[in-house]
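S.K.: Chains as they are written, first to last, in the working numbering: chain A, 5 to 336; chain B, 495 to 1031.
The calculated DSS-like cross-link candidates involving lysine-lysine, where the alpha carbons are at most 27 Å apart (straight line), are:
1) 624/B to 674/B
2) 624/B to 94/A
3) 674/B to 94/A
Simulated restraints on C-beta separations:
4) 179/A to 767/B: 24 to 34 Å
5) 8/A to 621/B: 51 to 61 Å
6) 75/A to 589/B: 55 to 65 Å
7) 762/B to 26/A: 38 to 48 Å
8) 24/A to 609/B: 54 to 64 Å
9) 183/A to 758/B: 40 to 50 Å
10) 260/A to 795/B: 51 to 61 Å
11) 179/A to 683/B: 28 to 38 Å
12) 683/B to 32/A: 29 to 39 Å
13) 24/A to 767/B: 57 to 67 Å
14) 244/A to 542/B: 50 to 60 Å
15) 188/A to 683/B: 35 to 45 Å
16) 719/B to 68/A: 47 to 57 Å
The hints are simulated quantities; they were obtained by calculation from the structure and are not laboratory data. The model shown is predicted, which means the values in this text are computed figures rather than measured ones. Yeah, the Cβ is synthetic: ideal placement off N, Cα and C, and Gly gets one too.
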Amino acid sequence: MGRTWTLIRRRLLQAIPVILIVSIGIFGLLELAGGDAVDAYLAVTGGGDPAFAERLRQQWGLDAGLWVRFLAYVESLVTLDFGWSVVMSKPVSVAILERLPNTALMMGAAIAFSACLGTLLGGIAALRKGTAADAGITVGALVLNAMPSFWIGLIAIVVFAVKLAWFPLGGIASFDRPDLAIGRVLDVAWHLVLPVTVLGLAYMALYVRLMRSAMIETAASDWVRAARARGLPRLRIVRRHMARPALLPVVTMLGLQAGNLLGGSVVVETVFAIPGLGSLAYDAVSQRDLPLIAGILLVGTLMVIVVNLLVDITYARLDPRVTDDRVRAGGA
Amino acid sequence: MATEFSLSRRHLLLSGTAITAATLLGRQRLAGAQPARDGGTLIAAADTEPRNLNPAIVASNGVFYVASKVIEPLAEMDYETGLRPLLAIDWQGSDDGLTFTVQLRPNVTWHDGTPFTSADVAFSAMEVWKPLQNLGRVVFRNLESVDTPDDGTAVFNFSEPTPPQLIENAMPALTSVIPKHLYEGTDIAENPHNQDLVGTGPFRFGEHRPGEFYRLHRNEDYWAETLPYLDEIVFRVFPDRGAIAAGLETGDIQVSAFSAVPLVELERMAAIDGVSVIPGGYEGITYQITLEINHRRPELADPRVRQAIRQALDPSFIVDTVFLGYATAATGPVPQTATDFYTDDVQMYETDTDAAEALLDEAGYPRGDDGNRFSLRLRPAPWFAQTRATGDYVRQALRGIGIDVEIVSADPAGHINAVYTEHDFDLAVGSPVYRNDPAISTTILFQGGLPAGVPFANQYGYDNPQMNEIISSASETIDTAERVGLYNDFQRLASEDLPIINLVEFTFITVARDDVQNIANNPRWATSSWADTWISD
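Isolated chain B (complex conformation) (with noise of 0.2 Å):
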């Protein structure tokens, strides 16, 4: 079941169309059969309402998931091309790598009539995502001013070498452009248009209901002229999970995402007349399950303990029972959908008990007289079902190598604030998102001398000069294939050292009507436009 289960764009590829990974659960939907239909409303089940929906200062899924139709990035991630142009039609980085040229759509307008212009991208790129959005400042802290030599070019000018690859990858999730009339000379945070959109998106926003929905609209002036085919989507706020199950049963609900539908329900869902389980279209976000560890006690600072705890534990029992077989091993903090970063060759580890058991006798930690080595704290992270059930997995695993592990839990805010400000922790279960580039959140992880208080991020007190080395020349290495070669480098040093666990990785499930088409065929498809999206008799 977890082989085949393959998340690799290659895998996709191989088998021709997102459709076959698909039809994993599901019978064989009607793919192709019949030419795209306009019309008809999309109805699709939403679990939250982010506080700000302006994707431009909060790159994150909960706001893509809506925002993503009415406001667009520079270009979308693409199962044949890997990036499709959206807003940009061309792009070029210079040899050194400190400037990056963009060319835009012409003839492109705001949904409310004003021309879309390269004054937009500057002003989105230098007022927003640099100093504003979670990833931006992190991707773009180099970005020195962005010139606009006509409506259609924006150049970025970076007072460090910025490899033209992170920019690239950058673009599906952290280039949302926002116009620069409705934003220019207030507060950009506390912007009304932050909840009442306005983008260049297939759709234009509507209205929200608190608690009840969002209602998004067709744009008849799209630059795609054939495009959207909806007339309309609305997003209906659902938060009990077995709600979005019977909505889906009873059509109420036509798309349901982000596995809003539990995986113990998947099964019975496939079985359903008209329903069907689709496991593709999330490769562009692709999570993974992590044991964070807290290098600052003595015991978990020695690497011989990090690799017995990695011995005692086994990715495939993760696997097969907490994720039911929707998630792959992994092997270190690259996932393996990451075609242009992964490699296999690093050190592997296998399940092996005895040998954990004389790595800690040689460490100098023997069973006490009860059995047990020493005591550890774990917090699992409250968000997944499966990251607090792979907690309760590593307590058992632990206990078998005589290694005492005591739950502690919190509700997110507690979580957060506890691992990553007051490191009070030894152990955690984390579920890092690996976004398209090893620079944008994962080498964060494993850099040394963070200041405490910076979530999803190295608050481990792992601080290795050699891994911060490779980290930081990688962050200004301008070829490409050297680039690689130097993440490569990272996730062998990574599986060496083991400052943290990457144990499984995992992407989304997405449920739906058989009448929708053209899902899950991006790699971010959820929190992508849905202009193709349509709706058969």
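Bound-form chain A, shown alone (with noise of 0.2 Å):
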């Protein structure tokens, strides 16, 4: 248990660095954009006279010089108090935590979906090595990678929610809720169907790559061959001996792939029209919101973090020979 807290610990203080040079980065780049809430917002309302822009900075506290939108901006990522979000006129935790949810179902839901399919497909297809059916998997799997998740997604619509009509066309839940929990639950488990397959077979192809060149290299290897030797069960030796240590990358994999799925959900969120945080973030850059900016960097860091502890803990029990990370960074 010391150790796993140890290990947490680090990961937070390695987050510091980070977040700050992120978040730094994202100030620049914005100010270099031009333009602040005030200008976001009369684009879409339109009209005013001299006086109104001024009088809407002054309230929304953009009036003052750059060093001091900064400093603030830093002293709401150190605090943690994000304060108001001036483009949901709500406060940035309120805004956040109501698309946290969305996201991290959709996002856990479509991870778990690749890396299942994709890894028991990888290990049929080195099963399979050279056969037709290894290069449908593999061929199949990139074409799927390659192919834009959008486009995916807007065939997946015409073709399931329009012309079947078995999904609904987008939505995270009816807007008539279930009166029943479980009504409830198979109602968004529902509505989540074609997101998640979506989004789940566009990152299945690194899964069937990495597992299928790992179960191949683990074939070959010394211990698989001993295992044969001694007469092991076929079944025994491709879940044990061949399976388990190809596993490995995979597991790494899934942990860098969890601040993609956020970033890649955005476009997904769009066409499915499911409320997440991927699209608050592209509203919160675009209206120039830096509070919820801050707030969703933030929570997307700690998200990453999350799931990446997760990683380390999962591959110590995979892999005995990893007792703490300075090992597995090696053998990694």
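From these two lone chains plus the hints, build me the complex, please.
M.R.: What follows is the structure, encoded as structure tokens:
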């Protein structure tokens, strides 16, 4: 238990310079892009007389100089008090907490889906190396990976929501919520089938490739040869001696992917009208809502840290050789 | 195609009903064949969720789309009568232009049961429209007080003569009335009722699930006793346009307004059984595509160069190629849909590249060895596909007369800042809205002497005393005919001076399921109350 806490503390400390660099970068980029929250607001509403924009800037605290605004931004990051989002007209924490469960649910399901299916298919491809099944799986996964996910999403909508009408067109839930809790869960699950499948299929290729090459590598290893020589059953060799060590890079990839899926979900969230963190981040940037950006940045970083912690813990369980992550860094 | 798609009110009147114009692409819709039916939920597509949904503070289409069903203005635009009374039943301006008296509808209650009175109108005008509203700050700037001699009368007192015609024209968009008893003594700009609306309209505000939907319920106590017909309106948030088209096909969405379905999709949508494409119902909010010009560039300060640029451009190309026919060529800053102000007695320009090149030679900008006369940076406004595409067209057309154009892109905030505050542009493609009277948001594009930082205004460095004089005298001319005359002069001078170039004008398109009735039956239909909208069997 003590080891886990050391790990958590170290990960959090490592995150501080990352957050600092990223947040300064975002602030700088937005300054370069020009325009502030009032400009973004006026672009939508139009109109106004000479004093109108000025009054709004005072109200929203945007009339201060560059350094004052930057310090306020850093302060909100350091104190974890993000204050008021002018774009959403509500506290930043509320705006984020409204969206976080949707993204976490969709992202978690998509990672699980792509990793499970990808690993399975990659394993099958490795065992059937050089056959038509191998080629089919590898090429199929690559093709899915190469297609833009918004396009797969739209095709999925046309086929499964419009033509076949099996799944809803979009949204996270029906607007008439079912009365029973189980009904509400099923309703959300039904709404998530298409977006999760689309996200998952796009990322599956990575796991297929990783698992396939790792399995081929372990198949040629001495310990597998030794296991064969000992006359162990084939299934046991595949599961314990080939698949288990081959899973290590897959688990590492899971951690790396956590950040990607958050970013990649903006497009899928838009196509399927799912109110998630990705589209909130897009709005925050295009509306120049710095407090909201700071909040999302921090939550996003925390999510990635948490996922990576889980990965580290899983790693230690999968590979008994890993007793601390210095070994892992060298061995993986 | 372009000429068929006429937007004028006169055309719509001549053709009998707005629906006739609506069948350009759709099949003949069932209209008037059966009596209106009560009940049903209308599901409309929405693509934005405004941070402030209060139409008294934010007079914008995105807000009106949802809020106009809950909160009503004094009067609404109407194809037959021009103005249809809502909360006001009669109004009269004084001869000196210093007072404007409004008789209010009796027996109207707010959704919380409190009676609606002239005090609400006075409060809305003095505390909201004049000091806080984006458009009201311009139109009501000389409003000094509002007297309430009795519950049913509001008398607007102006410090300077204010044309009654302007107040009338401003009524549909600028006079949403909010309840005094819920706003008085609070921070109006951040009052929670700016989201949780309370109004007098045909629908009560139900709930808003961020990123999902707004839900409105029928107001059983609406002052028009037989209305509304619908039980509910749900505005579903669909950020993706392709998904909106798919939703109309499946019936998950029954109405999509403001050209939410891309123009290229319209032909396909019109061919779908049960779906119609309806181009009417937006004449009161006509947009234009303009080429904004920075007169701080010495080349562009020369009127001959601006004329040459105009002659190099072909508005009908933009109509046909960029708008696929859903637009008309513009002749000046007042669109043809504004029948009371529009004049075609202005300087007209033909597309003539030879004449354009001759003008540029004469102005002292011959082609150099590389064929270029000079280079310009063009910023197309990023908010419509058509503003961006027009930017590409302008670049191509100007290259033909030896002007090299570099396109500079930014997102909306960056664009507003660069053009209207920093003046960091040579040309820009803009899309100003004509809002029923030139004084509301059109003359400000030509008026000189504005400070930097006023968006959608003359930030072009253009300052012509004659133009300023016309604008200022029209703003205080009480006599309607005389006022219209001044705005005709305004259009003439704009066409001769060409401080900016008005290229084409367009209104939006509605796509709807065929069972939705009474669509596009007024010139601000998408932003009106939908009290008479109903769903047939």
